[in-house]
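Given chain A's structure and the hints, the job is docking chain B onto it.
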Amino acid sequence: MNNEFLINLLPIFPGVLLLITGLILMLRSSFSEDTNVVNLYATGGALLACLLEFAILISNCSACSQGAFSGGAYGILASDALTSFFRFLFLLAFLFSIVNLCFDKLFQDKKSSVLIILFFASVGGYFLISAREVITWYLSLELMSLSSYVLVAAHLSDKKSSEAAIKYFVAGALGSALILFGLVCFYGFSGSGNFTEIYQAISVADTKFIALSSIFLLSGLTFKLGLFPFHYWVADVYQGAARSITVFLSSAVKVAIVAATFFICRDILVFFQEHLVKFWWVVLALSSLLANIMALRQKSLSRLVAYSSIANTAYLSVGFLHLEKADFKLALLNYLVIYILMTLISFISISVLQSDDKKSLLGLSKRSPFLTAVILINLLALAGLPPLLVGLFAKIYVLKAALSAKYVGLSIIFIIGFVIGCYYYLKLIAAMFTESENSASLIIPVITKIILFILAGTLVYYTFFPVRLYDFLGKLV
Amino acid sequence: MRYELIIISLVLLPLLSAVTLLTGNMLKIKLNPRLLFQTTAWLLLITIFFLSIIETLPAYQFAFRYLWFKSLGVHFAFLLDGLSYLLLLVSALIFLLLGVFSKEEESSYYSSLLLVQTGLFGVLLADDALFFYFSYELMLFPVFYILYVFGNNESKESVYKFFLYTLFGSLLMLAAIIYCGVSYQAQFGKLSFLLSDLAKTDFNLTTAKYLLSGFLVAFAVKSPIFPFHSWLPKTYSSAPAGASVLLAALLFQTGVYGIFRFAMPLFPEAYQVCAPYLAILAVIGIVYGALLAWRQTTVKRVFAYSSVSHVAYSILGLSIIGVIGITGGLFQIVSHIFIACGLFMLAGFLYKRLSHDNIQDISGLASVAPKFSFFMLAYSLAAISVPLTINFPGEFMVLQAAYEYNQWLGIFALLGVVLGAVYMLGLCKKILFGKAFNQEFRDLNKEENSLLLALFALVLTCGIFPKIITSLVIPAVNNQVAIFSENAPEAIQYKDQNEYYLPEGITLTKLMNNE
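Heads up: the protein sequence lines correspond to chains A and B, in order.
FYI, the numbering for the first sequence is 3 to 479, going by my numbering.
FYI, the numbering for the second sequence is 8 to 522, going by my numbering.
If we strip away everything but chain A, and leave its shape as in the complex, we get (with noise of 0.2 angstroms):
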């Protein structure tokens, strides 16, 4: 190992951190499994990584637009700032994930072997984000898929979660096949796996017989994603996992996924894009209404919180209609930052309710008034409505993107989508205030009570103080 090999090392020493704590876990865990020290390995692993990830991430930016590390790894990796920017969120929802499993009670058993599968899939996840190179990028998706796979079917007691699994495995398996198609069409076409080259290869060539691959791809990637015509692997898989498995699946897988969305559609795809952009536009018109008409119906929580989170995903992928415009990156990002939030107190609350029904939610108000107060302050951000301005802002940004490029019967569409989520949103704080025969008041572990008052308490902040979170997008895009 000579110099030249760590320093490129070092652009993404957070994701060799996080294989090597998965491996020192697997070695631990066949000598003794004791839960404390296991938590502590982990959680340790996983808060270094966001650590030195935040510190590439601020060293990046002080250097301005030229990252201090772009170019790394013999042009396989990328470490820039919106790199750096996407892995951190994935790294801090990863953190998240972690610290809610850790003090979970249903893993008791096997907590080691599972926390292990959630190291790798974080680091599949991590280099997926960094990859500009195809074969990287589809080996990363796949270690982060067939890890979340494995991960949803890991309470083998629930016939709910092997059913989800398999589900997961089938939708997901077509998905990468897809993917896997179109991937290789471009490194065909190209003779090279480099997404630039890729380009460069396309740009100067006859495109008809790569527009179909694109299509492929474009669907496979709808397919990871959870958009309309792929999306009904969602709902089934976010209520048959585990809660804390969960929690990973909405927050970081998703984080993952939108960012390998980003880079190859602003890598690759960017050359097809004015055919590509009614592709979008279908896709995004009709998840937002289907996902939110379908929410209406349902009775478990972590359902809807699934139909509704595949509507925020439609939102946040108007990004993907015009990625060379910072007003769509802009959207984009800021969406992501304020849904990954969201979507973390909601399914972290469903776990501490303890139940999926809808019903549990009855008289929260005398039950905990804490739950009460953070569970409101999530659906009044997700609503978009005052006193909770920042999920406003997101969706004032989405609008702004779609409106400035003339998209006016899209943000007309979406806007029915905010008034049907509104809907299922209010009766959720509405029975949190209704009177209720049961009085038993709700335990909530330290730990959560914590980390719930610092996601709230973020979503609160960046209402009233919304402008360095604003500066700093801005300055990414």
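Just to be clear, a hint being listed does not mean it is correct.
[Claimed, not checked] Just so you have them, the derived chain B footprint on chain A, three or more residues with Cβ under 8 angstroms:
no., stretch
1, 386-393
2, 404-413
3, 422-430
It is worth saying that the hints were derived from the structure and are not from the lab.
If you're wondering where the values come from, they're calculated on a predicted model, not measured in any experiment.
Each residue gets a CB set at the ideal place from its N, CA and C atoms; glycine is no exception.
Only chain B this time, still in chain A's reference frame:
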């Protein structure tokens, strides 16, 4: 003198009180919410009175702005002129009365009221379209909370309908605002939502018509204008007492004020094209509301439909472009605030004593409760626009403008006045006179008496000296009419070309150059 702090405090004070109540509730600190609310209301009223020392208040056009964040280009921009001042004063007074009138003990009720107050004052003071929108939306959830948690069980669906209907309109207005901001950015380079900036943007007529309709839909649902009023009757009639006062007396003014402050200056040509349709809808609303009010079976529903009818007068006034019409429309806002407050308070007292307000089962209250009957009859006469009450000058101006604009419009609007007399006096006849009431009915106690008396004194004062209101409103109206006259002069024909009323020493050019 620096007035900025005082004006910001008008919005900050209720917000801080609401936050205090909420955190006190969460930290289990003992606070007396009613006392806090009443203190806040008094402080606000005194502050607003203090602002009257601004010498040139009616034409003041005071503005200051503070950039919130550059990325979105939204400012905290405040504008205080005669109309805003008038509506702020009246609203603060109604909140004070509401504080005395409400008998709830829950602190969440009062924190919601305080948040509504923040939103309302933000709406009345806003000079920036997005700040206006945030305040407009801020009022939505607390009202939903009050109506849902403190209302009775039969009304839950209607509360959702009210909320979603209003939200849909507001979101369409948001799309229009964002489009305006983006167009300003395309034309001038930087992103800004200030009213004066947005007014400079050029729109072609088709785009302007669409944008105007986006704004008007939101205001049409809020204030309600005829086809969009279907949320109103059930919501008002099943609302708890204080909330219905709140809704009827305070929230509608955001719609009408929004039309005057935002829809008119931003899109003058498009507004002149839309104005005749708006006038027709308003007249239909007047007659429709009056006819339906005649046929209702509960007191609150009669008042709810009469609300539809009276707000339609404001809209009619605003849709006839000319000093008299618009002044009448703005005057009607104030008169409806007072009268709706009085009427719904009376309905609240009635409901509290009898637990129902079916007209069929009530009669002859005059012999049992003379004070109540006196006020019932007094407010009914005020609602009918008997001269010497506040409703008369405003309605007269609206009717005069309507008749001059189009003879048939004026005749149908006049029909609405007659129908108003029919249903209001008919209601009084049915519940106050006739066979003596055989059940227990406590007359008004001192507190209730003084509330209604104070309000009625104001109704009479403003009716006898309407100059109090018109002098505050006229300069803003002149500004607005001047904006209309420099565009598309062929749209509205006046009988007399020089119909403007201008205070001495101010010429039209001076007004137009005065930003």
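Here is how each hint holds up against the structure:
With a cut-off of 8 angstroms between beta carbons, the stretch 386-393 of chain A has 4 residues touching chain B; three or more are needed, and the interface restraint holds. Coverage of the stretch 404-413 of chain A by chain B holds [criterion: at least 3 residues with CB-CB distance below 8 angstroms; count 4]. Using a Cβ-Cβ cut-off of 8 angstroms, 4 residues of the stretch 422-430 of chain A lie near chain B, which meets the minimum of three, so the contact claim holds.
In summary, the structure agrees with every hint in the numbered list given earlier.
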